[in-house]
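Take the sequences, apply the hints, and build the full model.
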Amino acid sequence: MSYAENLWLFFLLLFGIIILPGMDMLFVLASALTGGKKTGLSAASGMSAGGIVHSLYGAAGVGLLATWMPSLFLPLLIAGAAYMVWIGIGLMRSAIVVNGDEAQASASVKKAFWRAVLTCLSNPKAYLFMMAVYPQFLKPAYGPIWMQGLVMGVMVAVTQFTVYGALALTADKSRQWLVSSPGATIFIGRAAGFMLVAAALLTFWEALSWSLGE
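Going letter by letter, the sequence shown gives residues 54 to 267 in our numbering.
Please note that a few of the clues may not be correct.
Taking lysine to aspartate or glutamate and the DMTMM-like style, the derived pairs with C-alpha atoms no more than 20 angstroms apart in a straight line are [to be verified]:
(1) 91 with 225
(2) 90 with 225
(3) 192 with 58
FYI, nobody ran anything at the bench for these hints, they're computed from the structure.
This is how it looks when you write it as structure tokens:
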């Protein structure tokens, strides 16, 4: 797989996860509904900032293992892929819907930003997810790990702000669509789960080829 193909796969997986209705999305939506578009966009910016921190955490962890403990990189790769399969199967079996009970949000633009950052960073599952996903896409063969991590971090921030910013700008219509279209939100969740499983299986195959090649 080329580096460009690797980034496209990461983007598809990232986009599928970000558009999945969850706490981050509902916080941005609630911020826009209670404080207006500026507050919603501020919350979207906060989520993007939190996403950058998650990305740095994931890239740093992978980079340290690949450089100082390369013997542990393959087990991490396999463990991360297994975790992705577990999450993916859970999403494929779930029925995620939005019932209109949005998260509490502040009407203050500045408070919305910092509460969004804290909301994003206080989710322990996000750290586990990054440590599971990043080893699948950060490969020494593609160049310096830190450079790859920077590119992926920018992709995370831009994608989060684009999706959540669009939600903030169309808050009323977005809320109505999420609440009144349970079938669509379920489909999004299951599609994201399928992409997770597919990416994990690809990683299993690459890890197997790598171990056999050695």
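Which of the listed hints are broken here?
none
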